[in-house]
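**Q** All chains, please: the whole structure from these sequences, using the hints.
Residue numbers (the working numbering), protein chains in the order written: chain Z, 1 to 243; chain D, 244 to 532.
In case anyone wonders, no lab produced these hints; they're calculated from the structure.
Bear in mind the structure is a predicted one, so any value in this text is a computation, not a measurement.
Here a beta-carbon is modelled for each residue, glycine too, at the ideal position from N, C-alpha and C.
The reader is advised that the hints may include incorrect statements.
To be verified - To be clear about the criterion: a stretch of chain D counts as covered by chain Z if any three or more of its residues have a C-beta under 8 Å from a C-beta of chain Z, and this derived list gives those stretches:
id: 1; stretch: 318-327
id: 2; stretch: 490-500
As the list claims (entries may be wrong) - Stretches of chain Z that chain D covers, calculated by requiring three or more beta carbons in the stretch to come under 8 Å of a beta carbon on chain D:
id: 3; stretch: 42-51
id: 4; stretch: 71-85
id: 5; stretch: 141-153
id: 6; stretch: 209-223
Stated by the list, open to error - As a list, the in silico EDC-like pairs of lysine to aspartate or glutamate whose alpha-carbon atoms are at most 20 Å apart:
id: 7; chain 1: Z; residue 1: LYS239; chain 2: D; residue 2: GLU530
id: 8; chain 1: Z; residue 1: LYS237; chain 2: D; residue 2: ASP532
id: 9; chain 1: Z; residue 1: LYS239; chain 2: D; residue 2: ASP532
id: 10; chain 1: Z; residue 1: LYS239; chain 2: D; residue 2: GLU531
id: 11; chain 1: Z; residue 1: LYS82; chain 2: Z; residue 2: GLU227
id: 12; chain 1: Z; residue 1: LYS82; chain 2: Z; residue 2: GLU228
id: 13; chain 1: Z; residue 1: LYS237; chain 2: D; residue 2: GLU530
id: 14; chain 1: Z; residue 1: LYS239; chain 2: D; residue 2: ASP520
id: 15; chain 1: Z; residue 1: LYS79; chain 2: Z; residue 2: GLU231
id: 16; chain 1: Z; residue 1: LYS237; chain 2: D; residue 2: ASP520
id: 17; chain 1: Z; residue 1: LYS237; chain 2: D; residue 2: GLU531
id: 18; chain 1: Z; residue 1: LYS239; chain 2: Z; residue 2: GLU144
So the chains spell out like this:
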Amino acid sequence: MTLATEFEARPMPRLLRILTILTVLGFAGTLVLGLVAAGTDIQQGAVQRLFYIHMPSFFGAFTAFGLTLLGGIMALAHKNEKWDKIALAGVEVGLAFALINLLTGSIWARPIWNTWWTWDPRLTSAAVMCLTYAAYLMLRAGIEDADRRRNFMSVYGIFAFVTVLITLFIIRIVPETIHPVIVGASPQNAQGSFEATSGVVMALVPSLLLWLTVMPITLMWHRYRLEERLESLNRVKLKALSD
Amino acid sequence: MMIRLYRTLAVLIVALLALGIASAEGDEESVPYVQASGFNAPVLEGWADLSTDEIAQFHLAEAEATIRTALAAGADPPAAARSHLADWLGSEIGEPAYSDKVNLADGTWHSLVFDIDAATTASVMARQDDANVVLISFVETSPDARTIMLTLAQADDALDNATPEIGLALDRMAGLELDQLDEAGIVDLPSGEWQVYERDGLSAMGMVFGNDSYVALQDGAPADLARLADAWNRTLLGFFITPDNSLYLALGLIATFGILGLLILSYFWRSRSIQRDLAMLNALAAEED
Numbered sequence: 001m002t003l004a005t006e007f008e009a010r011p012m013p014r015l016l017r018i019l020t021i022l023t024v025l026g027f028a029g030t031l032v033l034g035l036v037a038a039g040t041d042i043q044q045g046a047v048q049r050l051f052y053i054h055m056p057s058f059f060g061a062f063t064a065f066g067l068t069l070l071g072g073i074m075a076l077a078h079k080n081e082k083w084d085k086i087a088l089a090g091v092e093v094g095l096a097f098a099l100i101n102l103l104t105g106s107i108w109a110r111p112i113w114n115t116w117w118t119w120d121p122r123l124t125s126a127a128v129m130c131l132t133y134a135a136y137l138m139l140r141a142g143i144e145d146a147d148r149r150r151n152f153m154s155v156y157g158i159f160a161f162v163t164v165l166i167t168l169f170i171i172r173i174v175p176e177t178i179h180p181v182i183v184g185a186s187p188q189n190a191q192g193s194f195e196a197t198s199g200v201v202m203a204l205v206p207s208l209l210l211w212l213t214v215m216p217i218t219l220m221w222h223r224y225r226l227e228e229r230l231e232s233l234n235r236v237k238l239k240a241l242s243d
Numbered sequence: 244m245m246i247r248l249y250r251t252l253a254v255l256i257v258a259l260l261a262l263g264i265a266s267a268e269g270d271e272e273s274v275p276y277v278q279a280s281g282f283n284a285p286v287l288e289g290w291a292d293l294s295t296d297e298i299a300q301f302h303l304a305e306a307e308a309t310i311r312t313a314l315a316a317g318a319d320p321p322a323a324a325r326s327h328l329a330d331w332l333g334s335e336i337g338e339p340a341y342s343d344k345v346n347l348a349d350g351t352w353h354s355l356v357f358d359i360d361a362a363t364t365a366s367v368m369a370r371q372d373d374a375n376v377v378l379i380s381f382v383e384t385s386p387d388a389r390t391i392m393l394t395l396a397q398a399d400d401a402l403d404n405a406t407p408e409i410g411l412a413l414d415r416m417a418g419l420e421l422d423q424l425d426e427a428g429i430v431d432l433p434s435g436e437w438q439v440y441e442r443d444g445l446s447a448m449g450m451v452f453g454n455d456s457y458v459a460l461q462d463g464a465p466a467d468l469a470r471l472a473d474a475w476n477r478t479l480l481g482f483f484i485t486p487d488n489s490l491y492l493a494l495g496l497i498a499t500f501g502i503l504g505l506l507i508l509s510y511f512w513r514s515r516s517i518q519r520d521l522a523m524l525n526a527l528a529a530e531e532d
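**A** Listed below in structure tokens is the structure:
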């Protein structure tokens, strides 16, 4: 038996294949709803359509970072590498989603707020969240010992989730924000608010559900499998060296 | 078991998409705006809507008044206003009886008044917008009255009433002093609180919004000046142009596809790297064998 057979013996599970197809079709479908079916906001113009990606991408990051939190707790409780891999996959996918959230927000803000960036509480907390999870990846890469890495990164992943909660709730806590709120009344200083009309709901709800559930889980599963293969390769390398 | 799960997921997504579309179809919002080509103007309740794809136009028959919003090609707002009125009313338009500039939140507007003939008076607000001129016109065609709408910068922006500007408008358009009219109190309209001055056959009213005063004058047979002034003011302040920011939308989509693409590509790169390492290990193992 060659070394490769260990890898080739694990084809992509059918559920993951189905989820991948659903993600691609769902992503295309929600783009059509947001870019074509939903009406143009007469005050903000075409750039308002970024909202159908901006808000769902944050909630996608929320799911991914939430699974990192869960992975961290379970990895600490069971000393299990599988949960640690889930936590890592959550950080990579969540960080990508959070960057999409941050960038689309900044691009929207340029024509609406007349600035790419402002140190608003919501924007600042979102940036801190991104930096916190980027630091997770850098720190993780710097720890050689597997047990130490799992324990340390699990604790880090649990505490990092505080930044997600702060980002989620800060506009409800700090009234001096210009970031609009869609569900409920916007803060007094909010700029660029719009009503959740039926057209907005039509485009937003499917997108929100896709980014919240199917997309992060699918991408994380792929990332988990990749990590498994990498781990197997490392084992094979060690074995080859010891032989 | 698995197949049931796939089906459930697929049905769930299709149902959500259908639910979204159905909810939009069943609950269409009614926007109180006329969306003509290139701009939006508020719908005036109680006025006959004569709008087309090119203009927003409302007519109040009992006052013989029309408010029209339009875009005209040109680089000279007063000239564009005269040309537009000439085309619309089919009359020769002379020099304006009043012409001044005023800075509002969306740019510098020309406030113009044309006495077109014995019956017709036109008040126009005109502003340059790229290659076009935005024209908001109030035209009153009653032979028994002369109605004028003016927008003036506040002489003293600490004041919360338009008294000085009402006096200025009376002086310039009717040759009267403010103290020749009686103060008739304050009228509360949807557009705000208006101060009213009256004398036999002459009404003047004004309100402050921002650092500008909006003044309405009517000379002749009494009509509902408050209703006209309110409609004019709501058209003026409610008018806006939907910005063309589709390039920012494209930039946002590029960022989204770029980040997702990089993430997915990194999976492929790392997977290929694993394959390469494995192939190398296999080759080394084969050499050793």
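**Q** Would you mind marking each hint as holding or not holding in the structure?
**A** We went through each hint and held it up to the structure:
1. 318-327: Violated, because only 0 residues of the stretch 318-327 of chain D bring their Cβ atoms closer than 8 Å to Cβ atoms of chain Z.
2. 490-500: With 7 residues closer than 8 Å to chain Z, the stretch 490-500 of chain D meets the three-residue bar; holds.
3. 42-51: holds (count 8)
4. 71-85: violated (count 0)
5. 141-153: violated (count 0)
6. 209-223: holds (count 6)
7. LYS239/Z - GLU530/D: Given that 20 Å is the threshold and the Cα spacing comes to 16 Å, the pair holds.
8. LYS237/Z - ASP532/D: 17 Å, holds
9. LYS239/Z - ASP532/D: 15 Å, holds
10. LYS239/Z - GLU531/D: 14 Å, holds
11. LYS82/Z - GLU227/Z: Satisfied, since the Cα-Cα distance of roughly 10 Å is no more than 20 Å.
12. LYS82/Z - GLU228/Z: At roughly 9 Å apart (the allowed maximum being 20 Å), GLU228/Z and LYS82/Z satisfy the hint.
13. LYS237/Z - GLU530/D: 16 Å, holds
14. LYS239/Z - ASP520/D: 14 Å, holds
15. LYS79/Z - GLU231/Z: 16 Å, holds
16. LYS237/Z - ASP520/D: Since the Cα atoms of LYS237/Z and ASP520/D sit roughly 9 Å apart, the hinted pair holds (cutoff 20 Å).
17. LYS237/Z - GLU531/D: Status holds; Cα separation ~15 Å.
18. LYS239/Z - GLU144/Z: 18 Å, holds
Checked against the numbered hints above, the structure violates hints 1, 4 and 5; every other hint is satisfied.
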